[in-house]
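Each chain is listed here by its residues.
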Amino acid sequence: MAPRIGIVGIGHCRFGNSSDYDLVDVIAYSANDALEDAGGLALRKEVDQVFVGNMAAGMFNHQTAVASALISRMDMEPCPAELIENGPASGASAIRMGYMAIASGMADVVLVAAGEIMRTVSGWEATNIVATMAHTEAEYNMGLTLPGFAGMFTRLYMQKYGLTERDLALVAVKDHANAALNKYAHVQIPVTIEAIADGPEANVVNNYVAEPLRMYSTCPITDGSAAVILVNMDSPKAKLFKKKPIRIAGIASATDTHCVHNRKDPLVLDAVRLSAEKAYKMAGIGPADISVAELHDAFVIFELLNSEEVGFFERGKSFLGVRNHETEIGGRIPINTSGGLKAKGHPVGATGVSQVVELVRQLRGEAEEGRQVKDPKYGMAVNFGGFGNNVVTTILAKD
Amino acid sequence: MAIDELEKKLRPPERGLPPYPAKMIKLASGEIMVVREARREDIGALLGTVYPLIEVAKDYYDIVAARMYNELLAWYRYRIANEFAIVGAIDGEIAGIVTSRDVDGKLGMSLHTMTIKRGLRVGAQLFAAKMEHHIEYCKEDEVWIVAESPIGFKRWMIEYELEDRSAQYPAVRHELGGVPTFALTRKLWDAVKAVKCTGTRPVPPEILKTADKLKMPNEYVQLPGWKRNG
Amino acid sequence: MIDFSQYGEQTPHIHAFRCQKCGAIYYPAPMICAKCDSKRDPVTGSGWEEFDLEGPCTLLTWTRVWNLPEGFNRKFLMFGMVAFPNGLKASGRIELEGDPGRDPEIGMALAAKVMEADERPGKPVKVYVFS
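Top line first, the protein sequences correspond to chains A, B and C. Sequential numbering from 1 applies to the first sequence in the numbering used here. Sequential numbering from 400 applies to the second sequence in the numbering used here. Sequential numbering from 630 applies to the third sequence in the numbering used here.
Be aware that a few hints might be false.
Straight-line alpha carbon distances no greater than 30 Å define the calculated DSBU-like cross-link-like pairs of lysine-lysine that follow [what the hints assert, rightly or not]: (1) K264/A x K668/C; (2) K407/B x K505/B; (3) K183/A x K398/A; (4) K243/A x K45/A; (5) K704/C x K595/B; (6) K264/A x K650/C; (7) K183/A x K626/B; (8) K457/B x K704/C; (9) K377/A x K243/A; (10) K278/A x K742/C; (11) K243/A x K278/A; (12) K183/A x K614/B; (13) K244/A x K281/A; (14) K160/A x K278/A; (15) K718/C x K317/A; (16) K704/C x K160/A; (17) K592/B x K704/C; (18) K704/C x K505/B; (19) K183/A x K718/C; (20) K704/C x K553/B; (21) K45/A x K281/A; (22) K755/C x K553/B; (23) K317/A x K374/A; (24) K183/A x K457/B; (25) K160/A x K317/A; (26) K160/A x K718/C; (27) K264/A x K742/C; (28) K704/C x K538/B; (29) K160/A x K650/C; (30) K264/A x K755/C; (31) K264/A x K278/A; (32) K553/B x K752/C; (33) K586/B x K704/C; (34) K377/A x K242/A; (35) K704/C x K718/C; (36) K650/C x K752/C; (37) K183/A x K281/A; (38) K377/A x K718/C.
I should point out that these hints are in silico values taken from the structure, not numbers from a laboratory.
Taking the hints into account, I'd like the entire structure generated from these sequences.
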C-alpha cells in the first residue's frame, strides 16, 4: 500500500522583478523558507531527494544543471537532485516526481524547489523564449506565441458560448482583488471593472494584446520561486517536522497533442479533464468536494476553461458563474485566491509549486485576512504545460 | 517685473504655445489621473519629485531624472525655448511627468517621459498626451523622438510605427544627441491616436482642483526604504 | 549523380505526410502512424509519402497579435488556424487584401500559400500565409 504523503514545509518569495539576483539564489531563498517553515535549516540534512522545477534557465539566465547548482548553494551534498523541465508545468511535475519518489520507497523526505527569472530579457525576448514550447515547424516558425494561441482559443469560445470581453475583465478584477491581499503577489494593485471594461477609456487603458484578449486578460512577466517539503507521513522521519502535514490526496498528469490545431476539439482541454479525473479518483472525491482551487490562468480564458474541465461548471457556463460571483472568496468555489497567474504572476517554472503553496496556506488557515477561505477541506491545483498539452492536477487534503 | 538687459539677452524668444487643455483618465486601478500642463508655480514639486530618482541606476531612471531635472530647471529659469511640461497627478500627487518643446511651429522635439507611479501605464498615457499636445494643439507636423531605455524606445518604435530618420544624420539630429532619431508624423499619429490617447475633457472643477497644488510622492517603488519625510 | 534541381530559385512548400501502408495523412509529420503503427524514418522516408499542403482552406479561428516576439518589429500580425478539404489543419499568418485593420471571419474561404520568413536569426523558415 502506498504511504501517505504530505507537505510539511512551504516557502515562497515575493514575485516580481528579481533580475538583479542569481536564479539559484532565488530558488534557494524559497527552499530555505520552506525548511524554516518545516522546523529549521538543519532539516536539509534529512532530505533524501531534491527536485527542481525550471523551464528555461539556459535561455533566460545562461544557467543549466540548476538542480546540481542548488545542492551546492544549500550545502546539501551528496543529496540526489534532478531538474524537472515540463514547460510551465515544471513546478507541479517536480512535485509529482517527489510524490513518486516517496511512493516508490526511494525517499522519505523530498525538497521540491522551483523558480524562474524571466526579466533578464526584454518582453519580446521572453515571449519568444516561452514560445519555444510550441511545435517548431508548424507553430513557432509561423511567429505564433502563447498569447496568439490564447487569442484564437478565446475567439472560438466567445463565438460558441457567448463569452464577452467584459466577462474576461470580471475575472481579472477578482484576481487583482485577491492579489492585492497576497503578500507574495507581483501585482498588488486592484483594478476596477469600469476602468478596464466599462469606462470610456477602457479601450486604451486595457489595450489588446492578442485579440480578443486584452492586457488585463494576460499575466505579467514575472520572476520568483517557491518550495515545498514532502514527507512520507508513515515514516519515522515525519516526526522531525513541527507542522501537521497537508496530505497530497491525489496527483495525476495527462498529455494532449503538441500542435494546438490537431486537438480533437479546439475548445476541449482533454489533458486537464483526464488529469483531474485521475486525481479525483485517487483522492476518492469529486468536484463538489473541492473548497478552493488554483487553476492555471496565464490567460484569463484558461481559468474559465479549466474550471469547466475539472467539473466546477458545465461546459460553456463558467463565465456565468463568474457573473454570479461564485468564484470569489466567499463564493461557491473560490478560484485563484492567490490572485492567479494573472495578478500573482507567472514565473513559469515556479508556478506549479506556487499554486500548491497557496493551497497549503489556505488549508492551514494561514492566508491573509480578507482572502482566507472559510474552513477549506480539499484544495485543487491545475498546472498547464505547453498550451494545455501536458497538465498536472494536484489535490490536497486537510485531514 | 523689469528684466534687466543682460537677462533679456539670455532668454530665448518664445513663440507662445497654445495651452494644453487638462483631461482626466481613469486608470486600471479606478484612480483618476488629472493630466495637465505644468505651471511655473509647480516647479518646486516637480524638481523635488524628480531629484531622488537621480540615484536610481536601474531602468535608466538616473539619466532620465538628471536630464529631466535640467529641462525643468531650464524651463523655469527661461533658458530653453518653447518648452512645456505635462504632469499626471492622482489626488494631487505627481504620478508622472513629460517634457518636450516646440522648435519652430512645425517641428516638435520630445524630451523625456518619467513614470513615478508604476504598474498603471502612466508613462504610456503621458507620452501620448505629449504627442497629442504637439500635433493636435501646437499643430506641428512632426515630432522627433529618442529614448535612453532601449526597451522603452523599441516599444514606441513598434507601437507608433515611428519613421526611422537615422539615415539622415546629421541633418536630422535630435537635440539630445548621439542617438538615432525617429519621427512621429501627423499621419502616424492619426493612425494610432484612437488606441493610444484617451481622456475625458473638460475635467470637472472639483477633480481639477485636486491637482491644483501638486504634491511630491513620499515614497518611491524605485527607491525601497526611502521616505521623503524621514 | 548530382541532383541539379537543388540549385536555383526554390519555391517553398510545406509538406504533409501520407502513410503508404494505410493511407492516413498527417501534418506535421509524426514518427509513428496512429492508425497502423508504421514507423517513419526521417532519413530515408521509406513507407511514407510527402505531399504539398496548400491551396483552398477554411478559417477556423484567428487573432490579431499586438505583442509580437523578438525579431518581429512591427505593430501587429494576424494569425489563424485553417482546415483543408482533406481534413488536415494548420496554423499560420493571415494577410487579407485591402485595409490591414480588416477583420477576418470564422468560416471564410482562404488560400494557403507558403513563403519564406526571416524575422529570427538563422536560416529563413517556411511559413503559411492564408489570404
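*Are the Cα atoms of K377/A and K243/A separated by 30 Å or less?*
Measuring from Cα to Cα gives roughly 17 Å; hence the hint holds.
_Hinted pair K183/A and K281/A, Cα distance within 30 Å_ = Violated, at roughly 34 Å.
*Agreement of K183/A and K626/B with the hint, judged by alpha carbon distance not exceeding 30 Å*: holds, 21 Å
*Given the hint that K704/C pairs with K553/B, does the C-alpha gap stay at or below 30 Å?*
Judged against 30 Å, a Cα distance of about 11 Å means the pair holds.
*Verify the proposed pairing of K243/A with K45/A, using a straight-line Cα cut of 30 Å.*
Judged against 30 Å, a Cα distance of about 18 Å means the pair holds.
*asked:* Does K752/C sit within 30 Å of K553/B, going by the straight-line distance between their CA atoms?
replied: holds, 24 Å
*When you check the alpha-carbon spacing of K704/C and K718/C, does it fall within 30 Å?*
holds, 27 Å
_Check whether the Cα positions of K160/A and K650/C lie no farther apart than 30 Å._
It is violated: about 38 Å lies between the C-alpha atoms, which goes past 30 Å.
*Is the hinted pair K592/B and K704/C satisfied, with a Cα-Cα distance of at most 30 Å?*
holds, 14 Å
*Would the pair K650/C and K752/C pass a check requiring their Cα atoms to be no farther apart than 30 Å?*
violated, 34 Å
*Quick one, are K183/A and K398/A close enough, alpha carbons at most 30 Å?*
Holds: K183/A and K398/A sit about 23 Å apart, inside 30 Å.
*Is K183/A close enough to K457/B, meaning Cα to Cα at most 30 Å?*
Roughly 24 Å separates the two Cα atoms, so the pair holds.
In terms of the numbered hints stated before, the structure departs from hints 10, 19, 21, 29, 36, 37, 38, listed from lowest to highest.
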